[in-house]
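For the record, the sequence lines run as chains A and B. Using my numbering, the first residue of the first sequence is number 4, and each one after it goes up by one. Using my numbering, the first residue of the second sequence is number 4, and each one after it goes up by one.
I should point out that these hints are in silico values taken from the structure, not numbers from a laboratory. Check before you lean on any hint, since a few could be wrong.
To be verified - List of simulated lysine-lysine pairs, BS3-like, C-alpha gap at most 25 Å:
{"id": "1", "chain 1": "B", "residue 1": "Lys-60", "chain 2": "B", "residue 2": "Lys-42"}
{"id": "2", "chain 1": "B", "residue 1": "Lys-82", "chain 2": "B", "residue 2": "Lys-230"}
{"id": "3", "chain 1": "A", "residue 1": "Lys-45", "chain 2": "B", "residue 2": "Lys-82"}
{"id": "4", "chain 1": "A", "residue 1": "Lys-45", "chain 2": "B", "residue 2": "Lys-132"}
{"id": "5", "chain 1": "B", "residue 1": "Lys-230", "chain 2": "B", "residue 2": "Lys-121"}
{"id": "6", "chain 1": "B", "residue 1": "Lys-82", "chain 2": "B", "residue 2": "Lys-94"}
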Amino acid sequence: MSRISDTIALLGALVIEGLVALGRFMLFLVNAGIYVFTPPYKPRLTIRQIRIIGADSLFLVVLIAAFTGMVLGLQGYVTLSKFGSESALGTVVSLTLVRELGPVLAALMVTARAGSAMAAEIGSMQVTEQIDALTVMAINPVQYLVSPRLLAGVISFPLLTTIFDVVGILGGYVIGVGLMHGPSAAYFNGIQDNLVAHDIVSGLYKALVFGLVITWVCCYKGYHAARMAVGISRATTEAVVLSSVLVLVWDYLLTSILL
Amino acid sequence: MNPPGSNGSGRNAIEVRDLRKRFEAQQVLNGVNLDCPRKQITTVVGPSGCGKTVLLKHLNLLLRPDAGTILIDGIDVTKLRSRGLDQVREKFGMLFQAGALFDSMSVFDNVAFPLVEKTNLSPQEIAKKVNEKLAAVGLEGMGHKFPSEISGGMQKRAALARALIREPEILMLDEPTTGLDPTRTGSIHALIRHTQQRFGLSAVMVSHDVPQVFEISDRVAFMHDGKIRLYGTVSEVMAADDEVFMRFLAGRATEEAGAAAGGR
Numbered sequence: 004m005s006r007i008s009d010t011i012a013l014l015g016a017l018v019i020e021g022l023v024a025l026g027r028f029m030l031f032l033v034n035a036g037i038y039v040f041t042p043p044y045k046p047r048l049t050i051r052q053i054r055i056i057g058a059d060s061l062f063l064v065v066l067i068a069a070f071t072g073m074v075l076g077l078q079g080y081v082t083l084s085k086f087g088s089e090s091a092l093g094t095v096v097s098l099t100l101v102r103e104l105g106p107v108l109a110a111l112m113v114t115a116r117a118g119s120a121m122a123a124e125i126g127s128m129q130v131t132e133q134i135d136a137l138t139v140m141a142i143n144p145v146q147y148l149v150s151p152r153l154l155a156g157v158i159s160f161p162l163l164t165t166i167f168d169v170v171g172i173l174g175g176y177v178i179g180v181g182l183m184h185g186p187s188a189a190y191f192n193g194i195q196d197n198l199v200a201h202d203i204v205s206g207l208y209k210a211l212v213f214g215l216v217i218t219w220v221c222c223y224k225g226y227h228a229a230r231m232a233v234g235i236s237r238a239t240t241e242a243v244v245l246s247s248v249l250v251l252v253w254d255y256l257l258t259s260i261l262l
Numbered sequence: 004m005n006p007p008g009s010n011g012s013g014r015n016a017i018e019v020r021d022l023r024k025r026f027e028a029q030q031v032l033n034g035v036n037l038d039c040p041r042k043q044i045t046t047v048v049g050p051s052g053c054g055k056t057v058l059l060k061h062l063n064l065l066l067r068p069d070a071g072t073i074l075i076d077g078i079d080v081t082k083l084r085s086r087g088l089d090q091v092r093e094k095f096g097m098l099f100q101a102g103a104l105f106d107s108m109s110v111f112d113n114v115a116f117p118l119v120e121k122t123n124l125s126p127q128e129i130a131k132k133v134n135e136k137l138a139a140v141g142l143e144g145m146g147h148k149f150p151s152e153i154s155g156g157m158q159k160r161a162a163l164a165r166a167l168i169r170e171p172e173i174l175m176l177d178e179p180t181t182g183l184d185p186t187r188t189g190s191i192h193a194l195i196r197h198t199q200q201r202f203g204l205s206a207v208m209v210s211h212d213v214p215q216v217f218e219i220s221d222r223v224a225f226m227h228d229g230k231i232r233l234y235g236t237v238s239e240v241m242a243a244d245d246e247v248f249m250r251f252l253a254g255r256a257t258e259e260a261g262a263a264a265g266g267r
């Protein structure tokens with residue numbers, strides 16, 4: 004009898020613990036969101052974060068986009084030529100990139116580069132009492148550290164995704180047309196005829212949500228890093244893993260809503 | 004020399020009454036009473052885990068107590084909400100254990116930070132004040148260095164300059180000499196005393212550096228099991244002949260002798 008009630012108590016405690024953690028996670032976002040719109044505004048801090056999240060990730064995003072586009076061009080050409088429909092290559096490459104691969108791959112790359120750095124930086128500030136120092140100086144640490152990153156993420160991700168899409172489409176062209184000698188005019192005509200505004204907008208919606216989710220998760224994990232030797236590394240790992248998983252989960256949800 | 008009772012608030016910069024705080028199963032503060040007189044250094048000592056750091060985190064408003072009151076300049080800070088708390092925070096400067104300098108900024112920018120963020124002073128006025136404070140802690144000409152490029156002792160000096168930059172009335176210090184060798188410990192202690200007297204500060208310090216820290220303390224509070232067990236001037240506390248306190252002093256001495264022997 005007591006074993007059963009113990010098990011129930013344990014289950015209840017786990018559920019409550021989970022709900023409390025989820026609540027804290029949500030409140031963190033609400034708090035940071037409110038401070039985006041609360042003076043004093045610090046555009047300087049936001050611009051610096053846009054540089055770190057956006058501009059500094061540009062080379063990596065261009066590199067990954069070029070190879071993604073190239074491999075799509077190669078695979079697409081080989082597959083389509085079996086059906087004699089090489090002329091559809093532009094449509095296939097552009098729709099795949101704009102609707103799906105652009106937002107997701109750009110988000111995963113930026114998570115690996117900027118998201119991990121964000122979690123590690125805020126985590127080390129937590130562990131070495133720099134966040135407490137901000138509080139004691141009457142500076143709200145969420146407003147100073149988290150809100151500018153959140154805003155910068157929401158601004159940077161759609162821009163990076165757009166660049167990813169364009170570079171990827173050019174990469175597909177270089178391989179599909181340049182290397183495999185597919186029909187050149189058909190590539191761009193296909194894009195013009197079949198890629199509609201809804202495709203582009205839904206891709207950018209995804210990028211916007213990913214930008215929010217990644218900066219939220221990475222800031223949260225860093226902010227709550229444990230004050231011990233492994234605190235920072237654990238926070239960074241958890242931030243990257245959770246961000247990546249959430250990007251793919253949200254991608255499915257958004258696709259099913261936006262389709 | 005007994006834990007202080009209630010008396011007039013005019014004399015004291017900080018008064019703590021019956022402060023209690025529990026973390027899950029552990030009662031960390033179990034009815035703390037403490038007075039920090041104006042323009043004096045009050046030092047809280049005690050074995051690790053006795054709750055002295057938690058006490059300081061209540062005084063600098065990072066933690067909220069479960070029960071009890073804290074009067075800072077006569078204001079009960081346990082009743083305040085965010086804006087009121089920020090107003091009280093303007094009254095004090097805090098030196099953190101490891102300095103807590105922002106490692107993304109130079110020493111100069113670290114010291115200037117509170118002025119840049121919280122005042123409307125011109126860059127020239129800020130530079131003048133920062134250089135004054137850097138000189139006061141013996142760091143003139145070091146402003147361009149980053150925290151990672153200077154020694155632990157210098158980091159504490161820079162952090163002290165940052166704590167002083169807005170000319171606070173109250174200075175709080177969390178184990179200011181942790182991780183320093185005895186020579187540097189002495190020079191940081193001398194600097195703290197000198198600064199406290201020069202700027203007429205009320206200071207409250209948590210320290211494990213017994214008995215060296217007694218040289219610069221006006222009042223000593225010995226904390227044990229979440230309570231202030233002894234309180235008074237240094238000579239009063241030493242004369243109390245309290246068994247637990249004596250064991251604490253002896254224990255520190257043995258520990259240090261052991262560490263020195265092990266180092267050879």
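- Message: Run the distance test for B:Lys-82 versus B:Lys-94: straight-line Cα separation, threshold 25 Å.
- Response: holds (17 Å)
- Item | Proposed proximity, B:Lys-230 with B:Lys-82 (alpha carbon, max 25 Å) | Judged against 25 Å, a Cα distance of about 22 Å means the pair holds.
- Query: Between B:Lys-60 and B:Lys-42, is the straight-line Cα distance small enough, at 25 Å or below?
  - Reply: holds (21 Å)
- Message: Checking one constraint from the list: CA of A:Lys-45 to CA of B:Lys-82, max 25 Å. Satisfied?
- Response: Distance ~30 Å between A:Lys-45 and B:Lys-82 Cα, so the pair is violated.
- Message: For a C-alpha distance cap of 25 Å, please report whether B:Lys-230 and B:Lys-121 respect it.
- Response: violated (36 Å)
- Restraint check for A:Lys-45 with B:Lys-132, where alpha carbons must lie at most 25 Å apart: The given pair, whose Cα atoms are some 24 Å apart, holds under the 25 Å limit.
Checked against the numbered hints listed earlier, the structure breaks hints 3 and 5; every other hint is satisfied.
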